[in-house]
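Peer 1: If you want the building blocks of each chain, they are given just below.
Number of protein chains: 2
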Amino acid sequence: MKAFLECISCIIRQTIEILRRIVRSEKKRQRILAAVIGKMAKVDIHKMSPPEATKYAHDEIQRITGIKDLYKEPKKQNNREALQLYPYLKRLVRKARDPLLMAVRLAIAGNIIDYGALAEFDIKHTVKDVLGKKFAVSDYKRFRRDLKKTKLLLYIGDNAGEIVFDRVLIEELIKKIEVVFVVKSKPVLNDVLMEDAKMVGLDKVVKVIKSGSDFAGTIPSKGTKEFKELYKSAEMVISKGQGNFETLDQEKKNIYFLLKMKCPSLGRVTGFKAGDIILKRSR
Amino acid sequence: MKAFLECISCIIRQTIEILRRIVRSEKKRQRILAAVIGKMAKVDIHKMSPPEATKYAHDEIQRITGIKDLYKEPKKQNNREALQLYPYLKRLVRKARDPLLMAVRLAIAGNIIDYGALAEFDIKHTVKDVLGKKFAVSDYKRFRRDLKKTKLLLYIGDNAGEIVFDRVLIEELIKKIEVVFVVKSKPVLNDVLMEDAKMVGLDKVVKVIKSGSDFAGTIPSKGTKEFKELYKSAEMVISKGQGNFETLDQEKKNIYFLLKMKCPSLGRVTGFKAGDIILKRSR
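The listed protein sequences correspond, in order, to chains E and Y. Here my numbering is used: the first residue of the first sequence is 1, the next is one more, and so on. Here my numbering is used: the first residue of the second sequence is 1, the next is one more, and so on.
Simulated from the structure, these hints should not be mistaken for lab results. Hints may contain errors.
In this list, chains with the same sequence are indistinguishable; a pair is considered to hold if it fits within one copy or across any two.
[To be verified] Below, computed lysine to any residue pairings styled on SDA-like, alpha-carbon distance capped at 20 Å:
| # | residue 1 | residue 2 |
| --- | --- | --- |
| 1 | K39 | E60 |
| 2 | K225 | G267 |
| 3 | K27 | K39 |
| 4 | K273 | E17 |
| 5 | K47 | L92 |
| 6 | K28 | K39 |
| 7 | K128 | E6 |
| 8 | K27 | M1 |
| 9 | K28 | D44 |
| 10 | K27 | G38 |
| 11 | K148 | M102 |
| 12 | K27 | K47 |
| 13 | K175 | V137 |
| 14 | K222 | I112 |
| 15 | K151 | V205 |
| 16 | K222 | V205 |
| 17 | K95 | E26 |
| 18 | K42 | Y56 |
| 19 | K42 | R13 |
| 20 | K42 | Q30 |
| 21 | K262 | E17 |
| 22 | K76 | K175 |
| 23 | K228 | D214 |
| 24 | K72 | Y88 |
| 25 | K72 | E60 |
| 26 | K124 | P99 |
| 27 | K2 | R24 |
| 28 | K42 | E60 |
Can you build the whole structure from these sequences, using the hints too?
Peer 2: Listed below in structure tokens is the structure:
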């Protein structure tokens with residue numbers, strides 16, 4: 001989907017958050033922000049997806065600060081915190097009447113956890129919240145049915161921390177089918193990289209590949225050769241999170257989007273509200 | 001107080017809201033937004049208050065569109081809607097154990113009503129919410145005591161719609177003292193102008209003067225001659241809303257700030273959280 005004018009204010013807000021975290025001097029923050037704003041003033045926002053628009057800002061911050069991975073520390077911390085929850089998540093699945101559905105719900109709960117520091121208590125609280133929440137749309141029945149016809153499923157990851165929740169769902173899926181997990185090729189926001197997959201041990205569970213993306217979404221036609229081939233041969237795709245949804249929503253492919261809607265403007269094209277919990281099959 | 005980096009993303013968000021409302025063509029919206037962003041990139045945000053920073057964006061929108069009053073219609077609508085509530089508000093005050101405190105609470109409730117269209121039901125709901133809410137800080141006792149030593153009180157208004165709630169408080173105040181109501185000199189956001197005071201009949205109740213401000217705050221030293229004189233001679237000032245708070249917080253004057261805190265960044269300097277209900281005397 002194409003970006004909105006509103007994406008610009010969101011990108012600038014995000015830029016300020018990053019600068020507060022990685023740059024000490026307020027003067028330098030202001031200088032970098034001015035450069036980012038100058039860049040965004042020239043971007044034709046309607047010609048690209050929201051994650052592609054975001055890339056302009058990130059590239060500028062990275063160029064000026066020389067910092068390649070703007071979320072390195074928060075990502076590690078989120079992985080660590082989520083890993084501590086892993087036994088708890090596994091227990092929830094084991095005890096569930098429908099373990100697959102529980103694992104799906106947990107994977108979406110993982111999408112709610114943002115990069116900021118969260119105490120174990122808070123994550124558990126978030127998880128319980130999501131477990132009690134009604135899906136805005138749920139294509140779970142069809143999801144379940146499709147799985148039976150599937151040999152290979154491509155699982156496109158989203159964020160650090162969340163990846164532990166993805167692992168829990170993947171461990172349910174691989175009881176029946178083959179799963180390949182997809183990470184971003186280069187650092188962008190708190191999106192998962194190969195190092196995150198390794199940190200949470202997902203590389204020991206399934207094959208992990210890079211998408212080719214260096215922005216917070218996935219465009220198959222721009223993917224690596226390996227990604228393109230697996231994308232073509234996989235009977236099913238799971239796409240996690242909003243950035244992947246924003247770039248894959250027009251694909252003609254059997255994709256299941258698992259996400260929490262975080263953006264109020266998206267409602268204009270999707271009909272979903274910010275805060276909605278979604279398990280939706282592509283058209 | 002000085003503006004924050006965060007003000008920039010907020011101003012751009014606000015600009016987009018205005019453009020969606022007053023400009024039809026998405027292309028034209030984008031062109032104006034780019035101009036505003038270009039302007040904001042050059043502003044030294046730390047050298048001015050938030051309302052002054054906002055003015056840069058508004059001036060640019062007004063210059064390009066040729067529209068002088070960007071909130072003309074919403075303001076009228078808010079006045080109309082709030083006027084319908086006037087008998088209800090008066091009844092609440094009449095029945096209250098402490099009518100003055102009730103009127104103060106209602107004046108703050110009025111500050112919560114934003115420019116968007118609100119059904120009568122929603123406004124009543126908001127009012128009830130505020131009446132049940134605890135003040136984050138309340139200098140009411142001192143406010144009450146100060147009133148006894150006061151002959152003239154300057155009441156600096158904030159928004160349309162809200163002005164009806166101000167009228168209710170003012171009608172309590174003038175039972176004992178003289179009150180002069182202050183409006184902005186030129187259109188900015190949904191801030192009250194002379195025409196709003198007339199529309200809600202406040203000009204029949206008290207004297208109404210212009211502040212000299214053409215931005216969403218009040219800087220006494222830049223005020224009209226009349227404002228400056230009354231500001232000097234008034235023993236008490238009531239300042240409504242966040243914009244006035246942001247520009248008057250450093251004043252050495254007996255000012256009572258009545259507002260709902262709307263900005264999360266302000267917490268950094270004030271200690272208040274977004275959503276807080278405040279009746280606070282100046283230092």
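Peer 1: Now look at each hint and say whether the structure bears it out.
Peer 2: Hints versus structure:
Taking CA atoms no more than 20 Å apart as the test, K39 paired with E60 passes in both settings, with 8 Å inside one copy and 19 Å between copies. Taking identical chains as interchangeable, the C-alpha atoms of K225 and G267 are never at most 20 Å apart, the minima being 34 Å within one chain and 50 Å between chains. For a Cα distance limit of 20 Å, the shortest separation of K27 from K39 qualifies both inside one copy, at 19 Å, and across copies, at 18 Å. Taking the shortest alpha-carbon separations for K273 and E17, only the inter-copy value of 18 Å comes in at or below 20 Å, while the best intra-copy value is 24 Å.
Taking the shortest Cα distances, K47 and L92 never come within 20 Å of each other, neither inside one copy (43 Å) nor across copies (54 Å). In this homomeric assembly, K28 and K39 come within 20 Å of each other (Cα to Cα) both inside a single copy, at 17 Å, and across copies, at 19 Å. In the homo-oligomer, the alpha carbons of K128 and E6 never lie at most 20 Å apart, since the shortest distance is 31 Å inside one protomer and 32 Å across protomers. Taking the shortest alpha-carbon separations for K27 and M1, only the inter-copy value of 18 Å comes in at or below 20 Å, while the best intra-copy value is 36 Å.
When the C-alpha separation of K28 and D44 is checked against a cutoff of 20 Å, the pair qualifies only between copies, where the shortest distance is 12 Å, while the shortest distance within a copy is 27 Å. In this homomeric assembly, K27 and G38 come within 20 Å of each other (Cα to Cα) both inside a single copy, at 17 Å, and across copies, at 19 Å. Taking CA atoms no more than 20 Å apart as the test, K148 paired with M102 passes inside one copy only; the shortest distance there is 18 Å, against 65 Å between copies. Proximity of K27 and K47 under a CA criterion of 20 Å is satisfied inter-copy only: 12 Å between copies versus 33 Å inside one chain copy.
Proximity of K175 to V137 under the C-alpha cut-off of 20 Å is found in neither arrangement, the shortest distances being 26 Å within a copy and 58 Å between copies. With identical chains, the CA atoms of K222 and I112 are never at most 20 Å apart, being 27 Å at best within one copy and 48 Å at best between copies. Taking the shortest alpha-carbon separations for K151 and V205, only the intra-copy value of 16 Å comes in at or below 20 Å, while the best inter-copy value is 78 Å. Taking the shortest alpha-carbon separations for K222 and V205, neither the intra-copy value of 27 Å nor the inter-copy value of 68 Å comes in at or below 20 Å.
Proximity of K95 and E26 under a CA criterion of 20 Å is satisfied in neither setting, with 51 Å inside one chain copy and 52 Å between copies. Proximity of K42 to Y56 under the C-alpha cut-off of 20 Å is found in both arrangements, the shortest distances being 10 Å within a copy and 19 Å between copies. With identical chains, the CA atoms of K42 and R13 are at most 20 Å apart both within one copy (17 Å) and between copies (17 Å). When the C-alpha separation of K42 and Q30 is checked against a cutoff of 20 Å, the pair qualifies both within a copy, at 19 Å, and between copies, at 10 Å.
Within a single copy, K262 and E17 get their C-alpha atoms as close as 17 Å, and across copies as close as 19 Å, so both meet the 20 Å cut-off. Proximity of K76 and K175 under a CA criterion of 20 Å is satisfied in neither setting, with 28 Å inside one chain copy and 64 Å between copies. Proximity of K228 and D214 under a CA criterion of 20 Å is satisfied intra-copy only: 16 Å inside one chain copy versus 57 Å between copies. For the identical chains of this complex, K72 and Y88 are neighbours neither inside a copy (26 Å) nor across copies (56 Å), given an alpha-carbon limit of 20 Å.
In this homomeric assembly, K72 and E60 come within 20 Å of each other (Cα to Cα) only inside a single copy, at 17 Å, whereas the closest approach across copies is 39 Å. Proximity of K124 and P99 under a CA criterion of 20 Å is satisfied intra-copy only: 18 Å inside one chain copy versus 46 Å between copies. Proximity of K2 to R24 under the C-alpha cut-off of 20 Å is restricted to the inter-copy arrangement: shortest distance 19 Å between copies versus 34 Å within a copy. Taking the closest pair of Cα atoms, K42 and E60 come within 20 Å of each other both inside a single copy (13 Å) and across two copies (17 Å).
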